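Chemist: Let's have the full structure, built from the sequences with the hints guiding it.
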Amino acid sequence: MRLTSPRGGVPRHGRRFLVILAVLFFQAALLLTAHPSRADEFSDGLPALAKGSYDDKIAAASALVATGDDRAGDVVKAFSAGNLYVRKSDGAIFVGRDGAPSGQALLTDPVSGQDLGAVSESDYEKIRVNNKVRRALDELAGGLALLGKDPAKRKAAAAGLFGTSDASQAGRLTTALEKEKDKGVAAAMRRSLASINIGDPDPAKRLAAVKELANSPDQQVRALLLSRLVETNGKPAEPDEEVRTLIDSTLSHINLTLQLWNIVGSLYQGLSLGAVLLLAAIGLAVTFGVMGVINMAHGEMIMLGAYSTFVVQQVIAAHAPWLFQWSLAIALPTAFLVSAIVGIVIERGIIRFLYGRPLETLLATWGVSLVLQQAVRSLFGPSNRAVVTPDFMQGAIETSVGITLTYNRLYIIAFAVVVLAALFMVLQRTPLGLQMRAVTQNRRMAAAMGIPTARVDAFTFGLGSGIAGLAGVALSQIDNVSPNLGQGYIVDSFMVVVFGGVGNLWGTVAGALSLGIVNKLLEPFAGAVLGKILVLVAIILFIQKRPRGLFALKGRSVEA
Amino acid sequence: MFSMKALKGWAAAAAVAVSAATGGQALAEDTIKVGILHSLSGTMAISETTLKDVMLMLIDEQNKKGGLLGKKLEPVVVDPASNWPLFAEKARELLEKDKVAAVFGCWTSVSRKSVLPVFEELNGLLFYPVQYEGEESSRNVFYTGAAPNQQAIPAVDYLLSDDGGGAKRIALLGTDYVYPRTTNKILRAYLNSKGISDADIFENYTPFGQSDWQTIVSQVKEFASQGKPTAVVSTINGDANVPFYKELANQGVSAKDLPVVAFSVGEEELAGIDTKPLVGHLAAWNYFMSVDTPENKAFIDEWHKFIKSDKRVTNDPMEAHYIGFNMWAQAVEQAGTTDVDAVRQAMYGQKVKNLTGGVAVMNTNHHLSKPVLIGEIQADGQFDVVWKTDGVVKGDAWSDFLPESAKLTADWTYPWVCGNCEKPKYPVLQ
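Which chain is which? The protein sequence lines are C and S, in order.
For the first sequence, this note's numbering assigns the number 1 to the initial residue and increments by one for each residue that follows.
For the second sequence, this note's numbering assigns the number 1 to the initial residue and increments by one for each residue that follows.
Keep in mind that the hints were calculated from the coordinates and are not lab data.
Only a predicted model underlies this, so the values are computations on that prediction, with no experimental measurement involved.
Yeah, the Cβ is synthetic: ideal placement off N, Cα and C, and Gly gets one too.
In silico lysine to aspartate or glutamate, EDC-like type, Cα no more than 20 Å apart, as pairs:
#1 S/K297 with C/E125
#2 S/K228 with C/E231
#3 S/K311 with C/E121
#4 S/K71 with S/D98
#5 C/K88 with S/D292
#6 S/K388 with C/E125
#7 C/K51 with S/D163
#8 S/K256 with C/D56
#9 S/K297 with C/D123
#10 C/K88 with S/D384
#11 S/K228 with C/D166
#12 C/K235 with S/D200
#13 S/K256 with S/D157
#14 C/K77 with S/D257
#15 S/K33 with S/D339
#16 C/K51 with S/D162
#17 C/K126 with S/D380
#18 S/K99 with S/E74
#19 C/K205 with C/D166
In silico contact screen, one side only, chain C against chain S (beta carbon under 7 Å); selected entries:
#20 Q219
#21 A223
#22 Q374
Modeler: This is the structure:
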């Protein structure tokens with residue numbers, strides 16, 4: 001019979017004793033030899049970052065932070081950003097910076113702080129990180145940033161520690177919390193501390209943690225609380241009955257709040273989809289709604305607007321980089337002009353010969369749309385072009401109740417309102433608008449009054465196309481800039497205009513918003529595909545009942 | 001006795017006819033024609049144009065080495081314009097009119113399904129370079145892209161592993177057509193076998209070109225906040241990816257909390273997006289441009305020289321064409337003819353060096369053995385490999401995780417000679 005004994009032969013408590021002895025000895029040695037100029041714990045710990053599995057790298061990084069050395073923060077941050085290099089010849093670690101020319105790296109020695117400048121990348125190797133390492137590193141960096149100067153950064157660091165699996169962060173949070181004066185930052189720290197304490201062995205501490213978390217009922221908290229109820233082998237993670245009851249009641253409270261806010265969220269998403277539809281359709285409301293031209297190339301006008309944005313950004317990046325934040329503002333008039341001019345050329349070259357022949361117009365403009373698509377494809381290539389989103393349009397307003405209001409969508413809603421207002425101004429307050437309305441209401445009478453109807457037709461078509469170009473600038477921020485961009489919007493645009501009532505701008509607005517909101521309210525239940533089908537069926541039924549759409553024009557002008 | 005004689009007679013006549021035909025061809029033409037069947041216009045042009053270019057490059061390279069069998073290769077490029085029925089027409093044109101020796105082409109599964117009857121009727125040879133849903137093996141097609149067990153299954157294994165975040169809930173997002181639906185069916189069966197119940201799987205399909213992802217990203221966030229580590233498996237195809245990733249970035253979904261692994265997003269697709277907010281999201285392929293091998297470096301240099309721009313990226317289907325074309329060229333040299341039946345026999349066991357290291361082998365089920373890599377998106381639009389299989393994985397035409405296809409075998413050599421059989425066509429001799 002064999003005796004079972006721990007690996008290595010030394011009894012367990014004996015091993016622990018040895019470890020303690022070794023640590024004591026090591027610390028004593030450190031105390032004795034501590035000297036600023038020689039290699040220290042920090043530089044000794046560095047090479048381990050490049051070795052072993054992902055778990056080994058995490059362990060090496062936490063050991064480095066545990067030294068308490070100030071230089072560790074920069075190394076951890078660079079590591080997380082994938083900017084840490086190891087020299088192939090001797091395994092020394094260096095911190096890289098962005099902006100190096102291709103094939104080279106800009107490196108700094110983390111120990112001495114000495115700048116190596118640009119060096120050939122082939123002598124160095126980037127240390128690999130994956131999501132797991134990055135998560136651990138960001139928590140380590142967050143722990144270090146808790147005592148920083150900038151309150152916003154402290155708050156972000158505290159929030160980043162929410163739900164961390166690294167229990168040693170609790171000590172850091174407690175220390176930071178004692179010193180913290182900013183109320184918002186302190187709240188974030190208490191929240192993250194509670195998220196750690198919820199796994200504490202002491203039931204009283206866990207109870208207090210749940211009470212603290214109940215103050216901020218959001219998705220993160222719900223996820224954390226639910227994870228305490230997950231059962232493994234029939235036992236929930238939370239052993240205490242009292243704590244579980246509190247978790248249950250907190251959860252039902254959170255769920256109710258979140259459900260209510262979900263409806264608000266869907267409405268906002270519907271509004272923003274409505275704004276996109278409105279932008280895409282409003283140009284068509286002019287060419288199709290006011291002039292009666294079935295313009296299948298409308299989508300390509302949007303596409304041209306998006307490509308104008310791309311070209312403007314390229315030119316700015318090459319010649320005037322300081323203007324980059326303004327690139328979209330510069331792209332707006334450019335896109336308007338490009339699309340408007342192309343529109344006028346199409347009107348003068350093709351459509352004017354086909355007035356009163358809708359079928360031929362449809363086929364001819366469809367042909368034009370294919371020509372434009374292929375022209376752009378030959379000129380810019382078939383692949384997507386990257387349009388950069390300026391910084392102020394990135395990110396989102398994160399509310400604590402699980403709704404995110406993304407900035408790009410907010411800007412697009414505002415932009416749709418501005419474009420709509422501008423179009424109304426042009427139609428109602430300018431001579432061109434007056435002439436447009438006169439020509440579309442009674443062409444012969446307008447001609448008799450001396451209005452150059454042919455020129456007005458051209459300008460009206462140009463205006464509709466130009467507005468489509470403006471929509472293209474906005475859509476370049478949320479969609480692909482590819483030759484196929486327009487195709488995705490042409491059917492939706494016609495749907496909006498027909499549903500809203502041909503010839504009525506308010507109808508287009510109402511049509512776009514109601515389609516957007518109905519779509520978004522249906523989508524969570526029916527799914528995107530079925531939702532679209534349901535909306536389409538509803539519109540067909542509606543048009544059967546009211547062939548002229550939501551807001552039908554009345555009176556004599558309808559027949560003209 | 002009579003029938004035996006007749007059979008022999010027929011066989012002899014056929015042999016004479018075949019040799020006469022090939023002999024006549026050799027006299028009439030001094031080039032070998034290679035068909036390229038990729039959309040150069042329409043929605044798929046974004047992906048397929050590059051493949052046409054890479055084929056032209058490979059043919060050009062082969063011609064510089066002296067062509068094949070002492071003849072130059074001549075590319076025949078046609079444009080099926082992203083129009084599925086047109087694919088079948090163009091395939092017929094290539095095989096009947098141009099009499100090409102082999103065709104390299106197709107991207108979407110529906111285009112492949114559309115040309116399949118034509119290739120089988122006219123006994124042509126198609127090299128299909130794109131990862132696909134499997135559940136198919138045709139005698140006339142060599143599948144050089146990944147089958148589900150060479151992409152989807154290893155990717156899910158990684159997500160469930162400790163290194164990949166130990167996911168316990170999986171959201172399957174896809175575009176609504178055959179590839180995502182079949183792949184997700186296989187994945188669901190696989191996840192169930194790994195102990196993940198249907199309650200922890202979220203499946204959602206969107207139309208082609210979906211541009212408004214607000215609802216779905218919110219739903220996924222909601223799904224992910226149920227107390228278990230969650231990951232997303234995306235079979236979203238083509239243009240819909242850019243708005244999807246933009247919405248993810250804007251709604252603050254970071255790869256650290258909710259990694260997305262994609263099967264249809266490569267270097268080419270990322271070229272249209274600012275990838276800084278996407279760092280850490282994943283893709284599973286058999287090839288990444290960033291892999292540092294001498295073969296890959298030579299291939300990228302050659303590509304940049306050919307396309308006259310060092311900004312252009314390379315991707316997985318390009319490597320698939322590289323492997324497929326070189327295997328075909330070797331098989332033609334070995335068979336000493338471009339005759340389809342002879343080349344097909346010579347294809348089995350053909351080896352070509354992968355650009356990412358190791359050797360790809362053509363199996364008798366018409367699928368390759370290739371390594372599987374998982375890469376994380378980097379800020380520069382490239383992928384950094386975070387995990388790879390130890391060796392090569394043999395492509396499996398019929399998934400082992402679907403009960404009805406687990407019993408099927410694809411093997412085009414004796415005694416099977418079948419793409420979807422439960423038992424061999426011919427008696428097995430001991």
